[in-house]
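**Student:** Single-letter residue listing:
2 protein chains.
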Amino acid sequence: CSESDLLLAAAFVSDAQYNRNIPFKTSPEAVRLYHLYNHWMMRTATYFFIFLNLSLALFEEPAVYPLPFLATSVLEVLCLLVFLGRLTHFAKVTLHNVFWKDTKNICIMVAILLSLTDLAIYGVLRLYNVRSIRWSRIVRPIFLINFAESRQIRRAFRSIRNTLPEITYVFLLFMFSLLMFSLMALKLFGERNLQTAEGLPYFRNYLEVVFDLYVLVTTANSPDVMMPAFDFSSWYALFFIAFVIVNTYIFMSLFLAVVYNNYKKHLKNEIRKLAYMKRRKMIEAFNLLKEEEGEQFVIREARWKQLVKLVAPDTSNSHRELLLSISDDQQKGFVDKKSFVQLADLLNIQVVTLKIRRHPLARWVPALYGSAPSRLLRSIVRHRAFVWTYDAIILINAIFIALDEESPYISYAEWVFLALYIIEILLKVYTYEPREFFGKTQFWNWFDTLIIFAALTATILNATLKSTMKYNSQQILDIVFILRVLRLIRIVDSIQRFRVIMNTLINIVPTMLTFGGLTLVVYCVFAIIGMELFQGKIQYFPANSNAPHALECGNPALKDSLFARGKYCKNNFNNFASSFIVLMELTVVNQWHDILCVQPAKLYFIAFHIVMVIIIVNIFVSFILEAFFVEYSLEKSEVETAIEQKIQELGMGVQEDDLQDEQLLDNMESAEHELEREGGAKPQSKGLVFKIASKRYRTVDALLQRMFEAEIPLEDEGPSFEEILNLSPSSPLPRSPSSETAA
Amino acid sequence: CSESDLLLAAAFVSDAQYNRNIPFKTSPEAVRLYHLYNHWMMRTATYFFIFLNLSLALFEEPAVYPLPFLATSVLEVLCLLVFLGRLTHFAKVTLHNVFWKDTKNICIMVAILLSLTDLAIYGVLRLYNVRSIRWSRIVRPIFLINFAESRQIRRAFRSIRNTLPEITYVFLLFMFSLLMFSLMALKLFGERNLQTAEGLPYFRNYLEVVFDLYVLVTTANSPDVMMPAFDFSSWYALFFIAFVIVNTYIFMSLFLAVVYNNYKKHLKNEIRKLAYMKRRKMIEAFNLLKEEEGEQFVIREARWKQLVKLVAPDTSNSHRELLLSISDDQQKGFVDKKSFVQLADLLNIQVVTLKIRRHPLARWVPALYGSAPSRLLRSIVRHRAFVWTYDAIILINAIFIALDEESPYISYAEWVFLALYIIEILLKVYTYEPREFFGKTQFWNWFDTLIIFAALTATILNATLKSTMKYNSQQILDIVFILRVLRLIRIVDSIQRFRVIMNTLINIVPTMLTFGGLTLVVYCVFAIIGMELFQGKIQYFPANSNAPHALECGNPALKDSLFARGKYCKNNFNNFASSFIVLMELTVVNQWHDILCVQPAKLYFIAFHIVMVIIIVNIFVSFILEAFFVEYSLEKSEVETAIEQKIQELGMGVQEDDLQDEQLLDNMESAEHELEREGGAKPQSKGLVFKIASKRYRTVDALLQRMFEAEIPLEDEGPSFEEILNLSPSSPLPRSPSSETAA
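Taken in order, these protein sequences are the chains called H and L. Residue numbers are given in full-length UniProt numbering: position 736 of the first sequence equals residue 736, and the series is strictly consecutive. Residue numbers are given in full-length UniProt numbering: position 389 of the second sequence equals residue 389, and the series is strictly consecutive.
Watch out, some of these pointers could steer you wrong.
Since the list gives no way to pick one copy over another, a pair counts as held whenever it fits inside one copy or between any two copies.
[Claimed, not checked] Below, computed lysine to aspartate or glutamate pairings styled on DMTMM-like, alpha-carbon distance capped at 20 Å: (1) 466 - 191; (2) 559 - 198; (3) 25 - 424; (4) 92 - 5; (5) 273 - 208; (6) 470 - 191; (7) 602 - 321; (8) 537 - 231; (9) 265 - 626; (10) 305 - 29; (11) 268 - 336; (12) 337 - 291; (13) 273 - 626.
Simulated from the structure, these hints should not be mistaken for laboratory data. Bear in mind the structure is a predicted one, so any value in this text is a computation, not a measurement.
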């Protein structure tokens, strides 16, 4: 068993830990390259270039900040070279036939080729002053989706693809219903010679009726479309009520139901795959390092430590010792297979190592720090009343912010509040150990400190600018305002019930980023198409411009339109940033039929509505529903894994020592203490406290995975790699039958 | 064991069958009264008077159809007397202390008293020409909720009440977020001197900012509220994007999640209660009728038959025989406890008794009916191509409807289509047995026939009126148009995938009625309050009226408002019907800030939004989600109860006889046959076919209850009545632990 075996095992364990799924070559050089491939700097660099490539649209024509064509094309070629390099690196790491079978890689290569070709053609045509379309810009989001790092986004796309067949049937039925209602509307209202509020003919043309009623499904033209018929006869309101109940309430809920149902089904399947994959990788690693010991195979302590050092170089010695003492329960000097398999999970549990050290001041000026006034001060800060006092101060601050700032007293008060907040932070740092106060999981401490110091910096900067240059920077003032209000959020964390909801919201954030990615991809594609189709059709002029047709957004056809009347001129596709904002408005749906004013835009807008609102927003809602249900069921049932219990058992037997510093923990998470008592281990005699990072910062994925793992027996080696990859949602693998039906 | 015991047992069984939950006295007269109380005519009458009482608002001032005060007050007193009578009847039936402890009954009595008092005061004041408010009209919906018949509506209200505490916390957090964002908006935009598109000041006053942003949460003023800030600087769009993501997408989803989660939890609990209650009632009934037989207690066949005849007087003899042969499996002449307990479920399963009888024509004119051309004709009608031909005809019909009707050829075509459809129905009746064709569960046959004959009647009526009186009745024409389009819906049933979705939709209908009731209650209360507050503020004038301020809806304050510009004048609270339509528009949410134009209306509208959109619409969506999931999981897993299997087993052993009539079944439900093969029993030699009414007409409640019952062991007698009523959702009763977490 050599050094290279150890490296290979480390690669397996690290893959298991981060749920990576790359079939790499097992030769020593390949494994070394693979470790390099997974290095966080390489990954960050890839993401940087992906986003650079996407943001090129801001600088290319039609640009928000114009750059010469040469500059953007050089940047694009640079990005493409980086992608090619990354792909080559990947090719060296993985097996030859696996690499060429993977559509992801083929996609990236085709995208690089297309981009280069398009760039070359466009450049040559430009030399001859021929204007052509940069069509390859649509393929740019492919890099975001297809690089191996974006597993989450790909999963979301897979989930959408899997939902499509089911949603198609509901959609067809919905369209059928829409067409039937339109036919009825045409027959009922078409020959009445009615007029809309704008004096246009009402429900005369079948296609227009269909479109108007499609808009009504999104509720965007809700009473307007009904009013002419309603004015004619009150009974006609019944038609619209029936329409809204059937199409808006029932069909839209049905869409959500179909999307949610599929989302859940496929999520379960994906999580199951991940769990089996992890198990298998850990067994591979075990087989590489195992040695015979009596009747069983085991891994000796020394090799185990080498492995952990390789996999997680950042962990402290004491943390490693803790992990070992959990894995090697009876201190036999080796780790058996069953314990080894849990290593990936053990490494994933964020254990906070609290060195129980004295406060730095207690070491430097022990006499002063230990004196009676100092003790009193610290006990005041630790008291509950201290928290309440500051909650009261925040409330008073809120009132001051709401009041007008004209009076000088109020702007002085701002300085007072700033000072009070700074004193609070200093007092807390004085009382608690600073490295603990700024621990990784102390979200609110970091939040407070950052907000306060940013506000302090901005306020001082603003005051300096004002006194020296007699100039009020609007940007800085805006930031000061926002920071001032953000400060008030902290009060939410003081109330236990709000805290639970906030935890759900905080846990949702990581996966929200996945949806951010998904939305980015859809927005990019639609924005680029939109710019090619509608660029320059609408222009924005400042309020007091005297350009011709300034009031009609530079387009005489818009005279008297609702678009111009609503002063929507800035909602245009003239550059990448505006396009994004228009697409955001279309996602919110309201008034989209007014924003849409060019005739051929209808199809574009309907396509966007179907993709974004019916599919992606529903997936987003499904995700939030699922996240909430998972959080909620854990709140109630206190699922604790075997591993957590072990840490707890281990900590239990050790005597308590420094009461004062234990109080530190009590105070830091005082309100959370009831929930976390099981999670936090008692301090060890060495002056170490291990504490599982609080529940509130666990992601939904991790929670779901843990749930599923609890269902696989520990002895089960699971199916082979090939079997795992081909698992379908309906394949008969162990799971409780009631969970499907009772859910 | 006497006649009165049998009556008492019948009451228990009937309660179990219909999930009634009334603790009645067991004395013979009380039981007799109780049977009368539950008679369908008594129940229908109660509902009639409840709806009469509610609809009085249409005739009372401000009236849609004015009636003199004397008439409405006499009607109201009549209704109240009926309610009092019904309550007295109920009091005679139930135990004294139970009756007086039940808040439902107290509520009804208080409501009757209040209504009478108010009516008297109003009448007296009217005599002296003093105008007062009929405030007691708000209590009218109490009758709808509190009569024992409206179990479903009460359950929905209970579900809302149970959800309230949880929703309150989310709501407070949401309000906090709204207030914070408003504060930020005030600081950022308040001092910029911006103007809205209407030239009004933008974001100057804190309360107005809060209201504008609340409207933005509902997306009703989506781009408008952003445009002034966005025109000032593009960066400010980020503020609104953040606002929409946090408040519209995340918080509104959170509301749905909380409501859905609670809905599911309480639904499970209610269903569990119902299942235990049913078990207990059946055991009570058994204990009344049991006789000793060997070592066990049983019920003898004769008595069993008497009981079933009492409980379900409408069932045919053969049906009763079938039930007996299922309950008395080995034909021992008695029914044991275990089988007896299932009787309520057995009675609930809609078994269609198909008497395999010859077609009436085959009996009357056997030679003609059995002749070669007749056989050929019948085999054509049974052929798949016949269905396809008519699908094609429907499609061609759709095109003709969409075309303009000016040309005489097209209006002749309408007669041709009508004739074709009538021929289809006649051919089908000729081929299939008529009583079977119009069986209870043949939804589409009924649908077709009704639509076609209504269309025929209306068309003939219209043609007659036109030719004799030269008069085109618009109402009749409208109905003809609607019927013509509705006819096209049938094509959906030809496609298997659509059929599955349609089944879900059809199954949803009964519970939708519950939500209809719920909505009716909320609408009534808000409509009555709205009429008192806003009546007469806005007036509607026909288009060419020359009344003063006709364009401003009779209210000079509305000059130049968006309300008047959108021609919304008919959206007012001037009578009960208009109020309902305005409330419907507010439920759809869009433009509600424009519909709202009177200043103090804001609070009214926000209250309505919270009650209707945040709570009731979310419960409605939850209900559709749950219904869909239940339907979906049953589609896949084919849960069949032991009872259904028994019918199947029983049918199995019997020889087949009349092939031709078996084909009847095959053809009638041809596409459904794959799904239903397990459900339909083979014909018996007596010429009887039992068939379980198809899955598509089962309600969600019944499905859920069956699911839960599968989890209770048959021997389990369950808790006592008192324990059942006090069950809480978290009480530890048997259920699979994984279903809670894995769901």
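**Student:** Work down the list of hints and note, for each, if the structure agrees.
**Tutor:** Comparing the hints with the structure gives:
no.	hint	verdict
1	466 - 191	between (68 Å within a copy, 18 Å between copies)
2	559 - 198	both (12 Å within a copy, 17 Å between copies)
3	25 - 424	neither (56 Å within a copy, 69 Å between copies)
4	92 - 5	within (19 Å within a copy, 87 Å between copies)
5	273 - 208	neither (48 Å within a copy, 52 Å between copies)
6	470 - 191	between (68 Å within a copy, 19 Å between copies)
7	602 - 321	neither (65 Å within a copy, 64 Å between copies)
8	537 - 231	between (36 Å within a copy, 18 Å between copies)
9	265 - 626	both (11 Å within a copy, 15 Å between copies)
10	305 - 29	neither (23 Å within a copy, 85 Å between copies)
11	268 - 336	neither (30 Å within a copy, 44 Å between copies)
12	337 - 291	within (11 Å within a copy, 64 Å between copies)
13	273 - 626	within (19 Å within a copy, 27 Å between copies)
Violated hints for the displayed structure, listed by number in ascending order: 3, 5, 7, 10, 11.
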